[in-house]
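Using the sequences and the hints given, assemble the complete structure.
Protein chains: 2
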Amino acid sequence: MTAPQDALLVFQPSGRKGRFPIGTPILDAARELGVYVESVCGGRGICGKCQVSVASGKFAKFGIESSEEGLSPKGFKEERYDEKRGLEPGMRLSCSATLQGDIVIDIPDAFRVAGQTIRKDANTVGMLRDPAIRLCYVELDEPDMHNPMGDGDRLCRAIEQQFDLEQLEIQHHLKAELQKILRRGKWEVTAAVHLDGARPQIVALYEGLSDEMSGIAVDIGSTTIAAHLTDLSTGEILASAGVANPQIRFGEDLMSRVSYVMMNDRGLDDLNKAVVDAVNSLIGQLLDMSGRKRSHLLDCVFVANPVMHHLFLGWDPTEIGQAPFALVQSSPVHVAAHEIGLDLPKGTQTYLLPLIAGHVGADAAAVLLAERPQENTEPTLIVDVGTNAEIALWNGTQLFAASSPTGPAFEGAETSCGQRAAPGAIERIRINRDDLTCRYKVIGTEQWSDEDGFVEGVQTTGVTGICGSGIIEIIGEMRLAGILTDDGIIRAPQNEAEQAVLIEHGRTWSFVVREGTPRLVVTQNDVRAIQLAKAALYAGVKLLMDKAELQTLGEIKLAGAFGSYIDPAYAMLLGLVPDCTVENVRAVGNAAGQGALRALLSRGERRSIEETALTVTKIETALEPAFQQHFVDAMGIPNSVDAFPLTRAHFDMDAFVKKTAEAGEKPKRRGRRRERR
Amino acid sequence: MTAPQDALLVFQPSGRKGRFPIGTPILDAARELGVYVESVCGGRGICGKCQVSVASGKFAKFGIESSEEGLSPKGFKEERYDEKRGLEPGMRLSCSATLQGDIVIDIPDAFRVAGQTIRKDANTVGMLRDPAIRLCYVELDEPDMHNPMGDGDRLCRAIEQQFDLEQLEIQHHLKAELQKILRRGKWEVTAAVHLDGARPQIVALYEGLSDEMSGIAVDIGSTTIAAHLTDLSTGEILASAGVANPQIRFGEDLMSRVSYVMMNDRGLDDLNKAVVDAVNSLIGQLLDMSGRKRSHLLDCVFVANPVMHHLFLGWDPTEIGQAPFALVQSSPVHVAAHEIGLDLPKGTQTYLLPLIAGHVGADAAAVLLAERPQENTEPTLIVDVGTNAEIALWNGTQLFAASSPTGPAFEGAETSCGQRAAPGAIERIRINRDDLTCRYKVIGTEQWSDEDGFVEGVQTTGVTGICGSGIIEIIGEMRLAGILTDDGIIRAPQNEAEQAVLIEHGRTWSFVVREGTPRLVVTQNDVRAIQLAKAALYAGVKLLMDKAELQTLGEIKLAGAFGSYIDPAYAMLLGLVPDCTVENVRAVGNAAGQGALRALLSRGERRSIEETALTVTKIETALEPAFQQHFVDAMGIPNSVDAFPLTRAHFDMDAFVKKTAEAGEKPKRRGRRRERR
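In the order they appear, the protein sequences are chains V and D.
FYI, in the numbering used here the residues of the first sequence are 1 to 677.
FYI, in the numbering used here the residues of the second sequence are 1 to 677.
These are computed hints drawn from the structure, not numbers from a lab.
Glycine included, each C-beta is placed from N, C-alpha and C at the ideal position.
Don't take each hint at face value.
Chain V stretches covered by chain D per the calculated footprint, using a threshold of three residues with CB under 8 angstroms from any CB of chain D [said to hold, decoys possible]:
1) 173-187
2) 304-315
3) 319-332
4) 350-358
5) 616-625
Now the structure itself:
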């Protein structure tokens with residue numbers, strides 16, 4: 001009987017398998033099967049990126065018994081690597097180990113590394129990983145007079161051959177240093193190859209073996225800029241940081257910034273420089289935090305709304321400030337980082353996701369990329385609430401998108417007691433139904449205001465204002481407590497308890513949340529501001545539902561920082577979003593940022609959102625005749641027309657309202673401030 | 001009988017023909033047949049670039065009678081064009097005129113325009129014309145809210161569709177201005193599209209219709225830089241200018257410039273800046289001379305030897321100063337003009353031809369492109385003599401190339417009486433065989449020194465020195481006059497005539513060419529310098545002939561400024577090049593410059609030389625063992641080993657030498673200076 005000529009090779013966890021001739025290197029087989037095994041050194045046993053282990057045991061599913069016998073013994077390359085850099089027990093270099101018999105191979109879940117994320121809302125677990133940059137280590141022959149090919153050409157040919165690339169080019173800026181790097185590296189170099197252009201290009205070149213490559217994913221919001229520094233090969237988030245968008249000094253909302261550009265000769269430069277400087281300082285911060293090298297930061301992804309997108313790229317946003325909202329470019333932008341003023345190596349690339357429409361930008365595209373509503377069977381609404389609200393709707397067959405200018409009220413601006421979500425801000429609040437006093441929770445302190453330790457907790461921060469999610473809750477609570485009408489009017493006090501918490505304010509009434517310094521009250525104007533903002537949002541959603549021919553929703557996802565902190569039930573109580581089973585309304589965190597991370601880590605994801613973006617039906621809310629009526633209807637709390645039965649049931653509103661009606665105008669016992677001083 | 005459904009269409013002068021349905025626009029048919037008819041406006045009858053005329057008469061060859069009946073009458077577009085811009089009698093717009101019957105169409109030879117060249121040695125007659133830039137005029141729809149595609153995307157799609165392009169991109173620097181240009185142009189714009197990269201790219205954008213696009217072809221020599229400004233659409237040379245290479249102050253020859261880089265920290269920057277500044281000033285000069293706009297100068301081609309090529313691109317040439325002469329890059333260079341410091345629009349492209357070897361550069365490639373020796377049936381030698389000599393040899397089956405460091409002696413340096421080829425320099429000279437006096441011709445004056453008008457002619461310039469071609473002739477004449485031995489020794493005077501013209505100079509003798517101020521003499525050292533230079537050249541040629549297994553040559557082409565002015569017979573008399581029938585030794589002018597022009601006007605020519613360059617067998621002369629012996633042999637005049645029978649016959653040397661031998665040592669009548677003072 002002759003020895004078997006080939007053997008079955010199964011890769012876990014993907015389950016991909018095939019028969020290969022005895023002696024086939026495992027790495028080669030993996031590539032043939034499309035199993036992603038990292039390799040920087042091109043199979044020289046130097047980089048140690050291609051490690052795998054043997055899954056031992058009987059695998060009935062595949063009909064084989066797998067053991068280490070199925071692999072060749074460690075050869076010279078693996079022994080050398082083990083000596084030099086250490087190989088964990090059981091681990092093998094797949095470039096060196098060859099197939100000897102039927103075997104099941106485990107690919108260590110490199111994604112697991114990405115589990116060590118720093119912030120809960122930035123997580124790369126499970127994301128596809130085929131980044132735009134690939135590190136290629138090669139050992140070149142020394143130049144030979146009889147082969148007059150240039151050093152650069154020889155480098156390209158070697159990489160093309162060993163990494164299966166074609167028409168590789170070297171970016172011009174590298175050529176002046178190329179010969180020195182080759183010689184200092186003793187003809188061993190690592191090239192960073194950019195794979196997301198018309199042709200592969202070497203964008204950076206390092207002496208010797210290097211496995212460091214990082215990238216940043218940046219969400220440029222009107223109010224805040226958030227960035228993650230990520231290891232491009234493992235997907236691990238190395239550092240995260242955020243900064244206020246310094247453009248705020250030129251205007252809180254987008255339209256005021258567009259006006260600034262139109263009214264000031266150097267307006268565009270001012271706004272562009274402000275955001276670029278902020279991103280540059282964020283980059284410095286991320287590099288300091290992570291200890292990574294600037295010279296190895298090779299790729300960037302930016303997502304922003306259309307106005308911010310234009311301003312960041314130095315493009316005049318005037319045209320998107322007025323109908324027909326003409327964008328400079330709606331397709332994705334590929335540009336060198338240094339060309340847009342970023343203090344990064346000349347070879348560092350940037351990618352900006354496609355824009356969906358004049359007011360629905362790359363940030364909305366990023367949300368779609370992160371959340372993939374089109375993979376749901378249920379009708380799904382995604383709302384990303386910021387100064388501008390991005391709205392996406394999936395009706396089971398088609399994607400719809402729009403944006404609605406909610407203004408900054410949800411971010412704590414435009415209200416008398418409002419403030420940013422920062423330590424000292426009230427973020428949760430409940431009104432005692434009997435005495436109408438408030439108990440609340442402040443950012444930076446664990447305890448509620450009626451719990452032990454609260455006073456100590458707020459000693460450094462104070463209680464300084466009410467942030468967006470707090471405003472939503474207090475207005476909802478006021479409604480539940482019966483001191484706010486369906487129309488959003490703060491009623492004149494009708495009993496002692498109410499007299500204690502309601503104060504006259506010209507011809508209107510205000511609700512006192514907290515005495516002290518500062519005294520925090522909710523005025524009639526505050527309620528109006530929130531009503532206008534939420535009506536704009538709701539009207540946008542309703543327009544999309546009309547277009548999508550939907551009466552009800554299966555799922556609602558609240559994206560963005562505000563969406564993450566808001567209590568979904570209160571969002572419905574106020575009528576920000578349509579009525580829905582409360583359990584199906586979920587915060588999905590910074591989906592735009594997650595989408596940016598996906599695009600940073602994967603070219604496949606880029607292609608996917610580029611395709612998706614072209615399929616979206618865009619609605620310009622401001623120009624739809626039905627918008628105005630939806631808006632007026634949405635001024636009510638939760639809504640003057642829509643019934644919100646699920647929300648009413650959740651809060652037992654009908655019972656409560658009945659109860660307060662029964663209680664009539666009989667004053668309750670005088671409220672006492674329960675906060676302990 | 002039914003009307004014919006199609007008709008025969010013949011284009012002249014190409015002779016391409018085909019049958020097309022009645023009603024087919026002539027421009028469409030031309031494109032289908034691969035006949036190059038210009039069109040900027042995409043067939044809108046606006047640009048007037050696609051004019052053709054009807055060839056009337058019987059064409060037995062095609063079996064048809066051609067007349068204006070074969071074309072549709074002038075329609076609205078042609079009448080409008082005629083009114084607005086004027087249409088010459090008989091001319092038709094091929095985009096508008098349609099086929100009505102069998103016809104022969106003349107394409108006006110746009111190349112004829114190129115006949116109006118300014119300098120004899122820069123001529124684009126007959127060159128292929130498919131430039132890297134194409135102007136595309138389009139009329140866009142205004143933006144529409146219901147089609148949220150960006151203005152830039154709509155521009156690309158329109159051009160792609162109308163000019164049959166794919167994956168068109170816009171260079172980033174244009175995007176900031178794009179919307180303003182579109183609006184100022186009232187949605188009519190002309191885009192300049194670069195077609196020689198991985199993907200077509202819009203590199204410039206003009207309001208309305210524009211048909212101006214120009215380019216420069218620059219030959220960067222060690223000593224002089226010469227440039228032509230060319231109309232990219234017609235091929236016409238608009239202006240030509242030259243300037244001394246200011247790098248001369250850092251070293252006359254290449255190796256001294258390489259040393260300067262090695263010895264000085266800022267040496268590379270100094271040398272790079274010098275040449276880039278010189279090219280920038282040339283560009284300014286060319287634009288001033290031609291009245292063309294800088295914003296429409298869109299493409300550049302540079303040719304240079306490898307050291308100049310590196311220095312111009314800001315690359316350290318140190319490695320090519322020593323074996324193994326490693327180039328940074330031997331393949332062609334595509335880079336944005338502004339990236340290499342040129343004061344040109346951001347979209348302006350540059351192309352540098354491939355390098356053939358460490359010492360055989362893009363200039364040699366350009367010579368091959370201009371002269372195409374590989375299309376000859378005869379063995380052909382091309383020699384481009386400058387401070388470095390480029391040598392190419394075709395043996396009927398294979399191309400060989402080498403370079404030889406001749407030094408600047410041929411350019412008038414390194415000899416006591418030598419000077420650049422400039423007004424006042426002696427360029428032609430004859431020695432009277434009887435009295436050994438000289439008659440000569442000076443650059444800037446038509447008359448020889450023994451003709452009327454000479455004295456007046458040189459009044460402003462004086463007679464200041466002897467340029468390269470003059471040196472070659474005087475040494476040849478000295479040899480013919482018998483005062484110089486085969487070994488290059490100036491003999492001691494042996495008669496009265498010789499005593500009058502030979503003066504003692506230490507232990508050697510010098511020949512007095514001219515008394516006066518300055519007194520011009522040829523010293524023994526001068527002869528030695530020329531011997532060394534010509535021996536280096538000849539040895540290089542012989543090495544290539546060895547490799548090519550050639551004993552004799554069919555044709556010799558002398559390229560370069562020196563090659564253009566030298567008398568081919570004297571070049572052989574001195575043994576610069578091998579013996580050959582004098583009629584087959586020809587000056588071919590600035591072949592490198594011509595090659596640069598070809599590459600500027602045609603992408604096809606670029607691909608052609610890129611292919612050719614890869615087939616060339618390169619010889620590094622300095623490392624071939626046989627070089628030394630060839631060099632020593634070549635010190636003789638014409639050569640110590642090779643017989644040069646054709647040259648000897650041409651000059652009737654054997655008879656002359658016999659005659660002088662017969663004359664013995666008898667002094668001739670005393671020479672008198674025949675120059676009239």
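Hint check results:
With 6 residues bearing a CB less than 8 angstroms from a CB of chain D, the region 173-187 of chain V meets the requirement of three and the coverage assertion stands. With a threshold of 8 angstroms between beta carbons, the proposed coverage of the region 304-315 of chain V by chain D holds, since 3 of its residues qualify and at least three are required. Coverage of the region 319-332 of chain V by chain D holds in this model, with 10 residues showing a Cβ closer than 8 angstroms to a Cβ of that chain against a need of three. Taking a C-beta to C-beta cut-off of 8 angstroms, the region 350-358 of chain V contributes 4 residues in contact with chain D, enough for the three needed, and the coverage statement holds.
By the rule of at least three residues with a Cβ nearer than 8 angstroms to a Cβ of chain D, the coverage given for the region 616-625 of chain V holds, with 3 such residues.
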